[in-house]
Each structure stands twice: as C-alpha cells, then as structure tokens.
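Trainee: The task is simple: from the sequences and hints, build the whole structure.
In this note's numbering, the protein residues as written are 1 to 219.
Keep in mind that a hint or two might mislead.
To be verified - Below, a list of computed lysine-lysine pairs in the DSS-like style, where the Cα atoms sit at most 30 Å apart: (1) K54 to K35; (2) K22 to K58; (3) K156 to K189.
Note that these hints are calculated values from the structure, not bench results.
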Amino acid sequence: MSKAALIDLDGTLSDSGLAIIKSINYALENLGYEKLQGDTSWVVGPSLWPTFIKLGIKESELEQAISLYRKCYTEGAMYEGFFYPGILEQLSTLKRQGYLLALVTSKPISYAGKITKYFGASNYLDFEFGSELDGTRSDKTELINYALREANLVSKDAVMVGDRSYDMIGAINNKVLGLGVLYGYGNKKELLNSGASHLIETPKDFANDIMQALPLRND
Numbered sequence: 001m002s003k004a005a006l007i008d009l010d011g012t013l014s015d016s017g018l019a020i021i022k023s024i025n026y027a028l029e030n031l032g033y034e035k036l037q038g039d040t041s042w043v044v045g046p047s048l049w050p051t052f053i054k055l056g057i058k059e060s061e062l063e064q065a066i067s068l069y070r071k072c073y074t075e076g077a078m079y080e081g082f083f084y085p086g087i088l089e090q091l092s093t094l095k096r097q098g099y100l101l102a103l104v105t106s107k108p109i110s111y112a113g114k115i116t117k118y119f120g121a122s123n124y125l126d127f128e129f130g131s132e133l134d135g136t137r138s139d140k141t142e143l144i145n146y147a148l149r150e151a152n153l154v155s156k157d158a159v160m161v162g163d164r165s166y167d168m169i170g171a172i173n174n175k176v177l178g179l180g181v182l183y184g185y186g187n188k189k190e191l192l193n194s195g196a197s198h199l200i201e202t203p204k205d206f207a208n209d210i211m212q213a214l215p216l217r218n219d
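Mentor: The structure is reproduced here in structure tokens:
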C-alpha cells in the first residue's frame, strides 16, 4: 500500500496571502465596506463563505462578494503569490523516495489546478483535490475523506500537511496524522491546540519531517 502526503496549498506550498487579501479588499471596497485592517493572516486558507460572514458581509450580499473576489483573483491576482523557496525540490525528493503526493486544498480546484500548473508543482502531484465553486467540499474534514477515497488510501498510510487548525482537525477527524508547518499563516499554539502530531519548522525540513512521521517501511 502506498504511503501518501496530503498537502495543503495556501501557506504550505505557496505564500498566497497578498493575492487573497488583494481580492478580499477588492470585494469589500466594491460593496462599500472598509478594507481589511490589522492582522490579516486569518483570512488566508479558509473558504470564502465563512470569511466574508466573519467580516460582516450581509447574507444578501454574500454571492456578490464572492463574485467580486473571484473576478479580481482570476484576472491576475492568483498568480501574484509564490511557492516557498525550495518547496518544489522537497516534493521531488518525496516523489523519488516513492511517496504518493496529493494536493488537498479548500480552494476551488478549478483555480488550484491552474496555480500548481503555473508554478510547476503539478509535475510532482499524483492527485489534486479541492472544493467546487458552489462550496462543495470546502470543509477540510469532508475534503480529506474524499481524497482518501478517491486515491484509494487508508488513514494509517497518510499524513495531512497544512498550516492551519482546520487542516489538523480534518486530519484527526479522518484518523490521519496531522503535520503542521510553522512557516505559513498559522502558529505553533494554533497547530498544537488543534492536534498536530509533528511540526515542520521551514520548507527545507518538509520532506525529511514527512519521511520521519510516515516511514515507507514499518521496520
């Protein structure tokens, strides 16, 4: 049975914060709301619906807010982020060692697929899973469960790697080890409190820490 790393996108493979914040601000301004203030790290990663609700967008304006966000994002902002230095080499190392690699992101897969292709990450991914534009599978627990089934994986042979609490909670709910990255948009306290079993300090530790947490052989 293959050993697999299920890997988040935003804050784990890519630093997409500026693109996401730019697109949210575009939606807020066009609807007459104030732009994001102070610490904006919390908006990176979650699905759009709860994010806009937390920002105070009226329920009657949610669809318009999401439409405006997507207009800004797809017209160029989505390519303004960058993949963390050395992370593609880390994916290559895992592939050479024999791991199955699957993208598991709450971002709509129609966008995520374009981003991984644009930055070259798709060359190393065996599967790419994400949400649908209507919000289907935007919940990380549901998405991880879907990825396990579609990739024909069992929980004990997989790890979920991400930078936020819902990545770890989704892993636990699917009986998968959760590995939290400390270079993304979450922090050590958030990740440990949500059940991370291992922490990855920097992108250069990515492959080695995954291999230690989930050895190919159980000698």
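Trainee: Would you mind marking each hint as holding or not holding in the structure?
Mentor: Hints, one by one, checked against the model:
1. Between K54 and K35, the direct Cα distance comes to roughly 13 Å. Compliance with the 30 Å bound is thereby established for this hinted pair.
2. Restraint check: the Cα-Cα separation between K22 and K58 comes to about 20 Å, which is no more than 30 Å; the hinted pair holds.
3. A C-alpha spacing of about 25 Å is found between K156 and K189, which places the hinted pair at or below 30 Å, so the restraint holds.
Hint violations for this structure: none, all hints satisfied.
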